[in-house]
Amino acid sequence: MGHSSSDSDLRLSRRAITRRNLVRAAGLGTAGLALGGLASGPGAAASPLGRGAGFPRRSQDGDSLVFLSTQLRPVEEAEKMRGTILADFEGEVEFIAEDTGPFNDRIAAEAEAGEGSVGVIGGQHGDFASFAQDGLLTDLSDLATELQDRGFVEQYLELGRYGGEVLNYIPWMQATYVMVANREALEYLPDGVDEAALQTSLTYDQLATWAGNVNEAEGQKLGFPAGEDGLLHRFLQGYGYPSFTGGVNTTFQNDDAVAMWEWFAGAWEFVNPQALSYNNMDEPLLSGEVWIAWDHTARLIGALRERPDDLIAFPAPRGPKGLGYMPVVAGLAIPKSAPDPEAARSLIEYLTRPEVQATTLREVAFFPTTAGELPGDLPEGVQAEAAAVLQTSASEDALQSLLPVGLGDQGGAYNKVFRDAFQSIVLDGNDVREVLTEQAANLQSVLDAAQAACWLPDPEGEGVCQVG
Amino acid sequence: MNRQRFGWAPYALLLPSLAYLAVFFAAPMVQAFGLAFQDDGGNWSLASWRAMFTDAQFREALVTTLILIVIIIPVQFALALAMALVLNAKPRWPGLWLYLYAIPLGVSELAAGILWFAVFTQQGWLNSILEGLGLLDRPFIFLDYENQGWLILTIVLAEAWRATSIIMIILVAGLQGIPRDYVEAADVFGATFGQKVRRVILPLLRPSIQVALILRTILAFQAFAVVIALAGQGMTVLSAEAYRWYSDYRDPHVAAAYAGFILLLSVFSTVLFLWLLPVRQEQAT
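These protein sequence lines map, in sequence, to chains W and U. For the first sequence, counting from 1, position 148 maps to 148 in my numbering; every step adds exactly one. For the second sequence, counting from 1, position 146 maps to 146 in my numbering; every step adds exactly one.
In isolation and in its complexed conformation, chain W is listed as follows:
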């Protein structure tokens, strides 16, 4: 595999056809027809859930601009992109959403061939890392200057330079992770915590006590997305570790880390045992199986939209080292092989307009990367989520983590270390220190293989990041 996968599960977006949506379809008696062709062999099991959004159709059309994206892959989101968000753009755009693997293959292949059909690519910071390294992307510094009035978050422009001079992408949209709770759970809040405190001062210990109270009265109703496509590893990397230890890789096995794992193993007693099949938390929240959940904003928005009166959104808790959180930035780039760079630039200009950013937020619940007030006419659920996101980054003790940087192909292996540690410590109840010692070696070999330097919240530096 000569290309980078950059975290194949680092999917911002919900899976195209979620399991329960399929279940609903099955209930309507259409299952046999709809599903018959979905999967037939190895490799088909997980991917059909995510595909379908963007089957590459004819793309050498000449006058239509091809927009290839790892974002907005779910069918509904892709349709909103095509039908609503892109509606006012002058010119034909063919929006194709693709899994990270095929996305990488296509860009790399077009670069190798020296000519391509893809005009604009959309992806996460991590998706572009290897392209940036290989110099496959056009420098967009001049476009950023032209679009100065957009007020891009300076930090995000900095990210797009990957430590160099070339601006590889223009910030497009952002998301993060928050918590959502059912209002029925509020009566079980521990002493000293009220609804206002949830927004500003909830700690991990209080969260565990709260879930314990709910458990005593109603059963295990805490929820984490620990299923096949769930983002539990992001909880560990961007929330648990930073909040308890102030780092990730450099603090992987220290005493603080042991405390974090002990907290998690304790809190897991109150987690719904079906969590190992949860990919998105919106569905268990809607069904009432889960009352308190942590997940990606795009994977919670479905529940908040549907029942804004019954659910509340709030920031993740804080630990001894602060409120660790992980913003997710997506950007727009132009490959050097783009057939019509001018058209590509005008599409980026269009997508970063304030009104289009507002439409994006309203339709697919990804937040603007530009300055300015949020539009006032947001649906109630989106509003609630937006407030929790803003509350997170505005918290005084907020401690920002980046998605893993520079791992390339090793993204999945990196996540596996955290998943395996989780399974061994939390599910199988093995000795925390022993497991961490063992997994620290695996973690170091992943970082060595990728030759990755440390990233926030670990102290950034030269050379391969050393596990501590």
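Hints may be right or wrong, so weigh each one.
Said to hold, decoys possible - Each pair of labels, with its calculated beta carbon distance range: (1) U/263 / W/195: 51 to 59 Å; (2) U/132 / W/306: 55 to 63 Å; (3) U/147 / W/464: 37 to 45 Å; (4) U/70 / W/205: 39 to 47 Å; (5) W/186 / U/132: 27 to 35 Å; (6) U/43 / W/255: 35 to 43 Å; (7) U/147 / W/254: 44 to 52 Å.
Unchecked claim - A few chain U positions that, by computed beta-carbon distances, are all more than 12 Å from chain W: (8) 7; (9) 21; (10) 34; (11) 44; (12) 62; (13) 66; (14) 82; (15) 101; (16) 130; (17) 138; (18) 157; (19) 175; (20) 181; (21) 189; (22) 191; (23) 211.
Stated by the list, open to error - Covered stretches of chain U, as calculated for chain W (at least 3 residues, CB under 8 Å): (24) 144-154; (25) 249-263.
In case anyone wonders, no lab produced these hints; they're calculated from the structure. Glycine included, C-beta positions come from ideal geometry on N, C-alpha and C.
Assemble the complex: chain W is given as a structure, and chain U must be docked to it using the hints.
Structure of chain U alone, referenced to chain W:
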């Protein structure tokens, strides 16, 4: 005589399917084995196999795969045999029965897993029905990773539902090849139904049983969509690990090692069945 009459024609007719097998089965298989014994730089190495054997998930995946096979295959055989005997007894509307039994064959593995997930999930059909009947106060969690027994039971049910009919069809074909005379002769001697099945039908069915067993076991080693749909990360099997190593961890070498290991297990089980259920030459045709 025959050879002279047909000349090269039979071989020419075999050629397309041989070419197909060579291109789409043999070549990828050789390549996969090659991958498993190479490292990233293309050097020969056992590193992938070592990575597989020391992988935290390997043991669980192997044990679960074997448990599932040991439970599923006998259950499916009993069911398939019963279904085949029903069909062979020439019931009224034989076509209807056949189609009913064969419906799951048309449903993909993943879809079957999702259907059964809808049955067993916390707010699923089974819990709704049990609650509706007043048998449960609050939903029972069947898909609980702490209770591997339930997980295995649901997977066995889903697999039995999905893949029993393929065995049934092989057995029905076999049953139809058994001359009526034998069964009638047994009738004349006053054999009971059980005696007829045990002494006449099953022995004559041996070639079909052997084929069905081999086929089904190989398929069972490959099954994983049902497991992922029902158990998520709560349970793992060998083929699921092969898939993850390839698509998530992006290491085709370890994935190939897993695939090669599955192939070795399949070959071993095939040889085992051939040895346990020898078919005499005159039966084999």
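Okay, the hints, checked on the actual structure:
no.	hint	result
1	U/263 / W/195: 51 to 59 Å	holds, 58 Å
2	U/132 / W/306: 55 to 63 Å	violated, 24 Å
3	U/147 / W/464: 37 to 45 Å	holds, 43 Å
4	U/70 / W/205: 39 to 47 Å	holds, 45 Å
5	W/186 / U/132: 27 to 35 Å	holds, 29 Å
6	U/43 / W/255: 35 to 43 Å	holds, 41 Å
7	U/147 / W/254: 44 to 52 Å	violated, 35 Å
8	7	holds, 39 Å
9	21	holds, 17 Å
10	34	holds, 15 Å
11	44	holds, 19 Å
12	62	holds, 16 Å
13	66	holds, 18 Å
14	82	holds, 24 Å
15	101	holds, 15 Å
16	130	holds, 16 Å
17	138	violated, 7 Å
18	157	holds, 16 Å
19	175	holds, 28 Å
20	181	holds, 41 Å
21	189	holds, 47 Å
22	191	holds, 42 Å
23	211	holds, 21 Å
24	144-154	holds (count 4)
25	249-263	holds (count 4)
Hints 2, 7, 17 from the list above are not met by this structure, while the remaining hints are.
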